[in-house]
Structure formats: structure tokens, C-alpha cells
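A.B. asks: Below are the chains, spelled out letter by letter.
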Amino acid sequence: MTSPKEILQFKKEKAKEILESKGFFRPKRVYVGLATCEIAAGSQSIMDIFQSETGNMSDVFVSAKGCAGRCNLEPTVEIVEEGKETVKYVSVNEEKARQIIEKHLKKGEIISEWVVK
Amino acid sequence: MITDNFKKNFGDINFFGKQLRIALRNCGMINPEDIYDYIYNACGYEALAKALSDMKPSEIVEEIKKSGLRGRGGAGFPTGLKWEFTAKEQNFEKYVVCNADEGDPGAFMDRSVIEGDPHSVIEGMLIGGYAVGASKGIIYIRAEYPLAVERLYKAFAAARKEGFLGENILGSKFNFDIEIRLGAGAFVCGEETALINSIEGKRGMPRPRPPFPAANGVFGKPTLVNNVETWANIAAIIIEGYQWFSNIGTEKSKGTKVFALAGKIKNTGLVEVPMGTTLREIVYGIGGGIPNGKKFKSVQTGGPSGGCLTEKFLDTKIDYESLAAAGSIMGSGGMIIIDEDSCMVNLAKYFIEFTQSESCGKCVPCREGTKRMLEILERITSGEGREGDIEKLERLGNVIKQASLCGLGQSAPNPVLSTIKNFRNEYEEHIKLKKCRANACEKLVNYYVTDKCVGCGACKRVCPAGAIEGSLKAKHKVDLARCIKCGRCYKTCKFGAVKKDSGILEIMQ
Ligand code: SF4
Ligand code: SF4
Ligand code: SF4
Ligand code: FES
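Quick note, the sequences are listed as chains A and B, same order.
So that you can map any letter, position 113 of the first sequence is 113 in my numbering, and since no number is skipped, the others follow by simple counting.
So that you can map any letter, position 504 of the second sequence is 1504 in my numbering, and since no number is skipped, the others follow by simple counting.
You may find that some hints are simply not true.
As the list claims (entries may be wrong) - In silico SDA-like cross-links for lysine to any residue, where the CA-CA straight-line distance does not exceed 25 Å: (1) A/K117 x B/T1003; (2) A/K28 x B/K1295; (3) B/K1161 x A/K28; (4) A/K16 x B/K1008; (5) B/K1136 x B/G1220; (6) B/K1008 x A/E6; (7) A/K117 x B/G1017; (8) B/K1056 x A/T2; (9) A/K5 x B/G1171; (10) B/K1500 x B/R1482; (11) A/K96 x A/F24; (12) B/K1266 x A/V90; (13) B/K1018 x B/G1220; (14) B/K1007 x A/R29; (15) B/K1295 x A/L73; (16) B/K1008 x A/D59; (17) A/K28 x B/K1008; (18) A/K12 x B/R1160; (19) A/K84 x B/L1020.
Rather than coming from a laboratory, the hints here were simulated on the basis of the structure.
One chain only, chain A, in its complex shape (with noise of 0.2 Å):
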């Protein structure tokens, strides 16, 4: 008999499986924060351009989050990237999120007067 623990394996690898062929594993990974409290913030439009102008982009991959509890800086985004540090965004507008788009996403270039400390 298989026993929950080796269920819940395959679920744990037909989890990748799924996680990958949305795109998951991209090198590049964006987070949107889309709580209630984030979208006050107006998170909703930063997501909607993350989503459609990075579309095209292969080595993106852009997700909702929860809030991490920022309240006083939202919008908050995170680029994450398999082995360097996470780049926090804060108070994104939607300039500045097509500006991450232009110059973090293509060019690799941080814009760390907007990076939280």
C-alpha cells in the first residue's frame, strides 16, 4: 500500500512538472503583490503590465503573491533570479514597473534608488 507520504511525492514531482510548463523555472521570476492592501495600492495595473509586456519574453516568468507586509511601500515587486540576491522593489508605479521591465528584465540593469534597503 502506498502510504500519504509517497503520494504526496508524486504529487510533489507532477507539481514540477505542472510548474515548469507554466513557465515557473524561467531564469527570471516576477512577483506581484496582489493582497487586498496591495491592490489599494494600485498593484492591480503594475501586474497588468508586467503580464502584457513581458509576454514575449522567454526568460520571464511573472507571478501574483500575497503581501509580505510592507504596507507603507506598496506596490511591491520582487525579481527573483536562481542564484543572486532577491531585488526588492518598493512603491511601484506603473513608470517605474515599465522601467524594471526596460532596464532589469532586458538589460540586467538594477535600479536600486528603488530597491528597499
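Given the coordinates of chain A, assemble chain B with the ligands onto it according to the supplied hints.
C.D. replies: Just chain B with the ligands now, kept in the frame of chain A:
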């Protein structure tokens, strides 16, 4: 370690680096609407699988007991004991309830957990259900949290599809499913017996205890009620073991506590710290101190059930006992920082206004007593305070605390009593000198023009009451009898000539 993901991602930031995230371990780290993200990246459902594969229900209860976890909703009752009481009941039907009726003004950790990591709550409830022998779960959540509710429904659907909810979970004999009950937003429904009444479709009024919900809860069945943050801790304890958890914190309070840091503080936000962290570390370390060069005055914890502590308590270690000894409570985790611009009497009035309007009305001391306290505070803050009012407030407060049925009434006087204890001179100034040192009590404040006035007439033009006199280029004057204290002149004068102050009038004019 289950807490490492967050550290790796956010640990380099001051604000996060000083925190330890257990309940919030996945908040902001995963996509809350993607169960696969939870399964693959957050050890999702590993605790459940471990429990079902390797542990007997009684072993799980034992594990939670030994971990030292206590209820995060406010009262701090040992979670493992609650589990044990429910597990011991002989009944075919039992319930496991998640209390997500977050009602403290300014508290939002439950919402944040559910919106950011719904599966952790579900997994905690599954383990609880298995441990106490329940197959039905209920999440009681306020209708004001539509996004959280939506995420829960999505999470349920995904969990059912993957076989984490429903029958024969993960191939075992364990059956469990969860449903949602929406609350209408009454503060008293956060009290567990009122919550149970509300689930049953009755008015949300507390019942006397005993019988406790563990024996006689939802529809008379044995019921285990824990709040969101408590549930979010469970999977972590099962994965990492009780020793790990009980090594964090103080002697009697283990693990971490989430606080919603708000008010006059540079970094507002959600903060999860090990028990035993001092208030000072939160206010000046994580919180970054008071903005605009203002002075720290007080920290309020526990919302309408809690109290206000002064500077001398800043080195208090946060745990259930120490905060109580200092005259406040842990509560569900609201933490409001107050600077010199706030009036403590006014703040106490605000909280009693809240509890007064939320009192369910079942018992006289709470229903009538809070009303009388509010009246006295209203009098004091409008300059009508009388000799003996402070003592009256204390007497009323103590009676209400002792004679009320539920936690709402028992704790409602706390903000007043603690401000009287720590800021008695402010009460006295209001009563005797008609002075509000923060100039926050509108009725005590007077506006007046100083010698800086150049006679530009701007204040006169904006005054809606025609209360300012003076000819061009001459010093203007406020007619206090006509002034309605709207503050427009104060904001309008470019020369800083209009001042506001309270207290004895002659000095000012
Ligand atoms: S203490 Fe207040 S809220 Fe609680 S049962 Fe009595 S009247 Fe209702
Ligand atoms: S606005 Fe200021 S300077 Fe001008 S008349 Fe009024 S008090 Fe005097
Ligand atoms: S506070 Fe308002 S009503 Fe009073 S003098 Fe100034 S502008 Fe006029
Ligand atoms: S509650 Fe989400 S960041 Fe403040």
C-alpha cells in the same frame, strides 16, 4: 528549515532580517492561488502526509502540547490542551473551526495570512481534524474580506481536486472537508461561543462557559476553535518538531507572534518576531522609530482589549505574562505607536466608543457600564470634567471587568484603566486646567493670533464663522465666542501667526 525560504529572499532587509517568520513563512513568497507552488516550493502538505503516515492522532496532540503553542487570538490558552479536550470527547461528529473574525481596529494579520497563504491554514485544520477526530471544518470569516474568501474557495477547490480535502485523504482512511461561514462583522463574534452561535444561525451572543466548546460547541458537538495565526503555525510544528518550536521564545510563551505595526512609526507593516523580543526592538529596530522628529509617547497593544504602555515599559519582553504584568495584553496583535501629538484621554475614549457600540448587550455591566464610561470621557474631553471623574472611571472599569460574561466586557475598560494608570496627569489636566497637552481635544483648544501677524487678512477671509476681526496691516484677533474651532485660520496663515493652545485663557490673549 521551513523558515529559510523567507530569510533567503528577504533577510537582507533590516525590516525583515530582524523577524522570524513561521506563521507568515509563505506570505509574499508564493502564489496563493496556485496549489502547485505551495506543494513544490513551500513543503506544502508535507506535514499532513507526515501526520497521516507516521503519527497517531494522540501523538499529534502530544506534539502540539509539547511545542508550547498558545492561542494567537488573544487569550493565549495552550493550544495542545484545547486539542486534547476535544480529542477526548466521545462523539461521532466533531467540528474544527478557524476563527477568522478579525475585528480589532487596525489588525490585519489574519487577512494577510489567508490572502497570502491559504493552504497553510487549510493544512493546519486538516491536521487538527485528524488529531481530534473531526471530519468537518468551518472557517468563520467576515464578509468584509471578499478577496480572502475568494482565495479560500479557490484553495478548497484545488485541494479537493488534489485529494487533500474530501474522502480518503492521501489514500488514508481520513475524511475531512471545510466550508465557509460569513460573519457580518460584529466584534463580539470573535469570542468563541458567540462565534458558535453565529455559525448555528443564531444571534452572535456569547454563552456562559462551561460547557466549553470542546465538549459542547457547534450544534452541540465537540468543537475545536483556533484562530488563523494559530492554524498557520501547525504545519511548521509538525514538520520541524516540537523541540524546534519550543526553543523559540520565552519560558512560558513559545514561538513567534505576528503584530500589525501601525500609527506614528516609520515602517508600518506586518511584523513576526520571536516571543521575548522587546517592545523597543520592534519600535526602534524593525519599526525604525518615530517619524518627523516627534517624541515617542506610548505603545498600544491588544486593540480595544489592551492597554497603553509608556517609555519605561519599552524593555518589556513580549510574551503573554510580561505584557499582562505591564498592564496591557498580547491580544490578537495590534500594535499602535503613539507620539506626542495624540491625547491619551481621547484615545481611551475612542476605544471605549468602539467596545460600547460592539457590546452585544447581554449583560448589564458591559452594556450600561461602557456607556457610562463613554459619557464621562466625553465630558472630560469637552472640558466638562468634574472632580472625582477619574475615580468613577476606575470604579466602573473594575466592576465591568469582574462582572461581564465574555472577554469583550472583561477587557473593554483596559484602555481607560491603563491610560489612567500611566497618564493620570493628562486626565487631571483635562479636568482641572481644561488643558489637552496634545491639543487634540477639539473643544479644549482655542485659536489665537500672535504678534507675528502682518495683517494680511487671509485668515479673516477663510473663517466660516466671521470670528476674526482686524483691519488690513494690523494685528488680527479671534473672537473666541464666535469661533467654531474649525482650524482653517491655523492652516491658512502663511506667517505662522495663528497658534492653537488649550488651558487657561488669559495667558493666550
Ligand atoms: S460582556 Fe458585553 S459583549 Fe460579552 S456577553 Fe456581556 S454584554 Fe455581551
Ligand atoms: S493670516 Fe496670519 S498674518 Fe494674515 S492676518 Fe491672519 S493671522 Fe495675521
Ligand atoms: S478656527 Fe475656524 S472659526 Fe475659529 S477663528 Fe479660525 S477659521 Fe474662524
Ligand atoms: S497588510 Fe499587506 S502589506 Fe500591510
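A.B. asks: With reference to the structure, classify each hint as holding or not holding.
C.D. replies: For each hint, the structure was consulted:
1. Between A/K117 and B/T1003 the CA atoms are separated by roughly 21 Å; this keeps the pair inside 25 Å, and the hint holds.
2. Our distance criterion of 25 Å between C-alpha atoms is broken by A/K28 and B/K1295, whose separation comes to about 44 Å.
3. Our distance criterion of 25 Å between C-alpha atoms is broken by B/K1161 and A/K28, whose separation comes to about 30 Å.
4. Among the hinted pairs, A/K16 with B/K1008 is consistent with the structure: their alpha-carbon atoms are about 21 Å apart, no more than 25 Å.
5. Proposed proximity of B/K1136 and B/G1220 is supported: the alpha carbons are some 14 Å apart, at most 25 Å.
6. A C-alpha spacing of about 28 Å is found between B/K1008 and A/E6, which places the hinted pair above 25 Å, so the restraint is violated.
7. The straight-line distance between the Cα atoms of A/K117 and B/G1017 is roughly 11 Å, inside the 25 Å bound, and the hint therefore holds.
8. Taking the CA atoms of B/K1056 and A/T2, the gap is about 17 Å. The hint holds against a cut of 25 Å.
9. The hinted pair formed by A/K5 and B/G1171 meets the criterion: a straight-line CA distance of about 10 Å does not exceed 25 Å.
10. The straight-line distance between the Cα atoms of B/K1500 and B/R1482 is roughly 16 Å, inside the 25 Å bound, and the hint therefore holds.
11. Taking the CA atoms of A/K96 and A/F24, the gap is about 24 Å. The hint holds against a cut of 25 Å.
12. The suggested pairing of B/K1266 with A/V90 holds, with an alpha-carbon distance near 15 Å, which does not exceed 25 Å.
13. Of the pairs offered as hints, the one joining B/K1018 and B/G1220 is violated, with about 45 Å between alpha carbons and a cut-off of 25 Å exceeded.
14. Restraint check: the Cα-Cα separation between B/K1007 and A/R29 comes to about 18 Å, which is no more than 25 Å; the hinted pair holds.
15. Between the alpha carbons of B/K1295 and A/L73 the distance comes to roughly 23 Å, so the proposed pair stays at or under 25 Å and holds.
16. With a C-alpha separation of about 22 Å, the suggested pairing of B/K1008 with A/D59 holds against the 25 Å cut-off.
17. As the CA atoms of A/K28 and B/K1008 are separated by approximately 16 Å, the hinted pair is consistent with the 25 Å bound.
18. For the hint linking A/K12 to B/R1160, the alpha-carbon distance of about 16 Å falls within 25 Å, and the restraint holds.
19. The straight-line distance between the Cα atoms of A/K84 and B/L1020 is roughly 22 Å, inside the 25 Å bound, and the hint therefore holds.
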